[in-house]
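Turn these sequences into a full structure, and let the hints steer you where they fit.
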Amino acid sequence: MRVAVLGAAGLMGRAIVRDLNESGSEISTVVELDQERSRAQGADIVAVDANDRQQLTLALEGLDLLINAADYRVNLAAMDAALAARCNYVDLGGRYHVAAQQLALHPDFEQAGVLAVLGCGAGPGKTSVMAAWAAEGLDAVHAIRCASAGHDPDPPPGVSLPDALQT
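The sequence shown begins at -5 in this note's numbering and counts up one residue at a time.
Keep in mind that the hints were calculated from the coordinates and are not lab data. Predicted, not measured: the structure shown is a model, and the values here were computed from it. From the three backbone atoms N, C-alpha and C, an ideal C-beta is built for every residue, glycine too. A few of these clues could be false.
[Claimed, not checked] Restraint-style ranges between C-beta atoms, simulated for each label pair: (1) A41 x A94: 29 to 39 angstroms; (2) L97 x M124: 24 to 34 angstroms; (3) K120 x N15: 36 to 46 angstroms; (4) E104 x E130: 18 to 28 angstroms; (5) A125 x L52: 12 to 22 angstroms; (6) E20 x E130: 17 to 27 angstroms; (7) N45 x H136: 44 to 54 angstroms; (8) E20 x T121: 23 to 33 angstroms.
See below:
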């Protein structure tokens, strides 16, 4: 399977590239910034502005899957490019208002015969991977309970201005 990772220089993108390398996938890494950190992962480098749908579409031609590990603000452009290249698409999630727009693309992906899987980041993504990994070492699994370590049980009052402006 020929895979492109958008945002491969970031923390999640580097981990994805490492896992794909270990699984034997053929990777074409698509990044916006910091190509040197991605180069250390042993992947091919294609520098692309993720917001340039035409440029990203050309980079995806002939590939099987785009894994979008970039900021959620490029999710729609990345999905459009994947659709135009008839490339399957996976992302790590994002804000609800963007996800609603992404879900509206379902009929287009269905008609093109490609798959788009949204929100495979923290949960259900990371939590499901950890649960599956843990279950492999056990004889039987009766229940799995997951919690997010990123939740602040006592958040400061008010609204985060950057989040409020984006949503």
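| query | Do the Cβ positions of E20 and T121 conform to the proposed distance bound of 23 to 33 angstroms? | reply | Given about 28 angstroms between the Cβ atoms, the range holds.
| If you check the beta carbons of A125 and L52, does the distance land in 12 to 22 angstroms? | With Cβ atoms ~38 angstroms apart, the hint is violated.
| Status of the given 29 to 39 angstroms range, CB of A94 versus CB of A41 | 31 angstroms, holds
| field | Consistency of beta-carbon spacing, N15 to K120, with hint 36 to 46 angstroms | value | With Cβ atoms ~19 angstroms apart, the hint is violated.
| field | Hint check for M124 and L97 - Cβ pair distance inside 24 to 34 angstroms | value | 26 angstroms, holds
| Cβ separation of N45 and H136, checked against the hinted range 44 to 54 angstroms | 47 angstroms, holds
| For the pair E20 and E130, does the Cβ-Cβ distance stay inside 17 to 27 angstroms? | 25 angstroms, holds
| said: Looking only at beta-carbon atoms, does the pair E104, E130 fall within the given range of 18 to 28 angstroms? | reply: Given a distance of about 33 angstroms, which is not inside 18 to 28 angstroms, the answer is violated.
Going through the hint list in order, the structure does not satisfy hints 3, 4, 5.
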